[in-house]
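Once you have looked at the hints, place chain B on chain A.
If you want the building blocks of each chain, they are given just below.
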Amino acid sequence: MFSYCTDPGTLEGLTWLSCYLTTGKHQSIYWAVGTVLLLLAITAPTALLFGFGGASAARSRFAPLSWFGKIYISVVRGVPDIAFFLFFVIALDQAFEWVRHKVKCPDWDQEVWQGNDFVVCAEAKLPLGNAAQWVHETYGFFLAVLTFAIVFGAFAANVLYGAMQAVPRAQIETAEAYGMSNRQAFWRILVPQMWVYALPGLSNLWMVLIKATPLLFLLGVEDIVYWARELGGSKTAQFTDYPHPDWRMWYFAALLIFYLGFTRVSEIVLDKIMRRLTKGQATMAGEAQRKAAA
Amino acid sequence: MSCWDTIADYGLRSLGHGERLLPRSDFTLCQQFTLIGSGMIWNIYFGTLALISGFVLATAVAMGKAARNPWLRKPAEWFVFVFRGSPLFIQFFFAYFLFLSLKSTYPVFSPLTAAALGALIVLFLNTAAYSAEIFYGALQSIPKGDIEAADAYGMSGWSRFRRVIWPTMLRLGWPAYTNEAIFLFHATTLVFFSGFPTIKQKGDALYYASYFADKTFNPFIPYPILAFYFILLTLAVIFLFGRVNARLNRHLPQETRSRIRLRPQLIR
Chain A
1 MFSYCTDPGT LEGLTWLSCY LTTGKHQSIY WAVGTVLLLL AITAPTALLF GFGGASAARS
61 RFAPLSWFGK IYISVVRGVP DIAFFLFFVI ALDQAFEWVR HKVKCPDWDQ EVWQGNDFVV
121 CAEAKLPLGN AAQWVHETYG FFLAVLTFAI VFGAFAANVL YGAMQAVPRA QIETAEAYGM
181 SNRQAFWRIL VPQMWVYALP GLSNLWMVLI KATPLLFLLG VEDIVYWARE LGGSKTAQFT
241 DYPHPDWRMW YFAALLIFYL GFTRVSEIVL DKIMRRLTKG QATMAGEAQR KAAA
Chain B
1 MSCWDTIADY GLRSLGHGER LLPRSDFTLC QQFTLIGSGM IWNIYFGTLA LISGFVLATA
61 VAMGKAARNP WLRKPAEWFV FVFRGSPLFI QFFFAYFLFL SLKSTYPVFS PLTAAALGAL
121 IVLFLNTAAY SAEIFYGALQ SIPKGDIEAA DAYGMSGWSR FRRVIWPTML RLGWPAYTNE
181 AIFLFHATTL VFFSGFPTIK QKGDALYYAS YFADKTFNPF IPYPILAFYF ILLTLAVIFL
241 FGRVNARLNR HLPQETRSRI RLRPQLIR
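These protein sequence lines are chains A and B, in that order.
Residues in the first sequence are numbered from 1 upward in steps of one, following the working numbering.
Residues in the second sequence are numbered from 1 upward in steps of one, following the working numbering.
Hints may be right or wrong, so weigh each one.
Claimed, not checked - Below are the EDC-like pairs computed for lysine to aspartate or glutamate, each with C-alpha atoms no more than 20 Å apart in a straight line: (1) Lys125/A to Glu176/A; (2) Lys125/A to Asp214/B; (3) Lys202/B to Glu77/B; (4) Lys74/B to Asp246/A; (5) Lys215/B to Glu267/A; (6) Lys103/B to Glu137/A; (7) Lys200/B to Asp214/B; (8) Lys25/A to Glu222/A; (9) Lys215/B to Glu97/A; (10) Lys104/A to Asp93/A; (11) Lys25/A to Asp93/A; (12) Lys125/A to Glu137/A.
Calculated from the structure, these hints are not laboratory results.
Note that the coordinates shown come from a computational prediction; the quantities given were computed from them, not determined experimentally.
Pulled out of the complex, with its shape left as it was, chain A reads as follows (with noise of 0.2 Å):
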């Protein structure tokens, strides 16, 4: 990276340091920090998403339909989350490739499940075998953030299907009494005034959806938990000119540092926002602020 950095061997201290947190592998941890930020940014709104799907499947009328969505939310609760991600993963990928063989091989006369095999024809395989090497990351990442959405949407429709359920019920009773169809009473009246109730479960949810993301390292994406193992480990002369013994602690330890500071940040942040959106509510907060103000 810097000009001095041609003979590391001779180097010392800091400019020794300097060299070394520039390597080009060095590049691949930095940039697994925003593979990191990256699956946050899509997978937030993706979560809320399917989380406003599922509550509004469980308020519904139509019984199966309210059926799915409760089962969709309340399936999370017994079970560690852990196995729902090395779960999810192995089965949307055979979903996905499951449907491709039906669509594109349709004259396969071998079983899909060979005992221990699951074998689908070479058209039907995700990736296809003779992709590029960033065609698989792109799509081992996308099948990451659908399994995050997908665990993280129950999560979020939990805390939307209560704050649903907070809204007062003259609200929707007035609507009603103005002549509004049960369509518009919920796009106007409640999904408007729910974000008050749903704002701290969301925060909440924001914190865990940030501590979860090293789990991306148990689906195979090469994310910052990979490269600090990765690099950590100790290199002898040979094979590199920056050799040291096991520094893996102090990698993680940086992680570590990493996570406490990106939540600290986020607490603040939340607490602003919620702060501007209690302002002038009818609830206790928005009481306090107003007693505090005069």
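Then chain B, alone, in the frame of chain A:
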């Protein structure tokens, strides 16, 4: 081979007893149920011991956080912040590599690199931090009148804490603490997926479930079995904690007793 033979062979496999080799082909449902169930021993071991030891530390940290003396308050606040603000997964990794480098300098620390002790310490500190936050919240919401009544009876110091503050704190915090216990049990599944290695394939329930899923390429059997076991465990925890809750609330009229409500709190 009947199912009883399988249970005899693999029932205690997670502790290293019975058949040495794990099944490699022709997986039966019985094998999957037995091995995953055998792995549950570790989940129960980690959860129970961490919960019991964590409870003691949590009470101390909650008191420390509520203390007026900054020398007590600040360390307690930092302890809670560090363990609640970072992912448990990273904590496991960090602790494992910390123990590993301790071991290379002082061989005394070598037992810590095994999951049975090292992971237990991490879980103990983690649950202590989460429970301390719950107990701290409960401590803050003890009715003023209760403490005034204790003062009026001439109680102070230890006897006031033992007879009034502590029982009330537990009673108020218990529903939330039940949730914490449930999610601590769920968190035990992370142990063998972080740094801590399995020795001779002695793993927990999720380790065996993912073993089967990897071997059979069929996630639709082992993971639902795992889910089944965990739902049973969750129900057992709710039952036991419900009994304690009933005892803590036994002096109150029926309607005002706090009921335990299960709330998803998710990953840590």
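Hints, verified against the model:
1. A C-alpha spacing of about 52 Å is found between lysine 125/A and glutamate 176/A, which places the hinted pair above 20 Å, so the restraint is violated.
2. In summary, the hint linking lysine 125/A to aspartate 214/B is supported, as the alpha carbons are separated by about 18 Å, within the 20 Å threshold.
3. Distance hint between lysine 202/B and glutamate 77/B is unfulfilled; the C-alpha atoms sit about 37 Å from each other, more than 20 Å.
4. Distance restraint check for lysine 74/B and aspartate 246/A: the Cα-Cα separation of roughly 33 Å exceeds the 20 Å cut-off, and the hinted pair is therefore not satisfied.
5. Simply put, lysine 215/B and glutamate 267/A have alpha-carbon atoms about 43 Å apart, too far for the 20 Å limit, and the pair is violated.
6. Straight-line distance between C-alpha atoms of lysine 103/B and glutamate 137/A comes to about 37 Å, which puts the hinted pair past the 20 Å bound.
7. The suggested pairing of lysine 200/B with aspartate 214/B holds, with an alpha-carbon distance near 18 Å, which does not exceed 20 Å.
8. The hinted pair formed by lysine 25/A and glutamate 222/A meets the criterion: a straight-line CA distance of about 12 Å does not exceed 20 Å.
9. Proposed proximity of lysine 215/B and glutamate 97/A is supported: the alpha carbons are some 19 Å apart, at most 20 Å.
10. Taking the CA atoms of lysine 104/A and aspartate 93/A, the gap is near 16 Å; set against the 20 Å cutoff, the hint holds.
11. For the hint pairing lysine 25/A with aspartate 93/A, the CA-to-CA distance comes to about 30 Å; that exceeds 20 Å, so the pair is violated.
12. Among the hinted pairs, lysine 125/A with glutamate 137/A is consistent with the structure: their alpha-carbon atoms are about 15 Å apart, no more than 20 Å.
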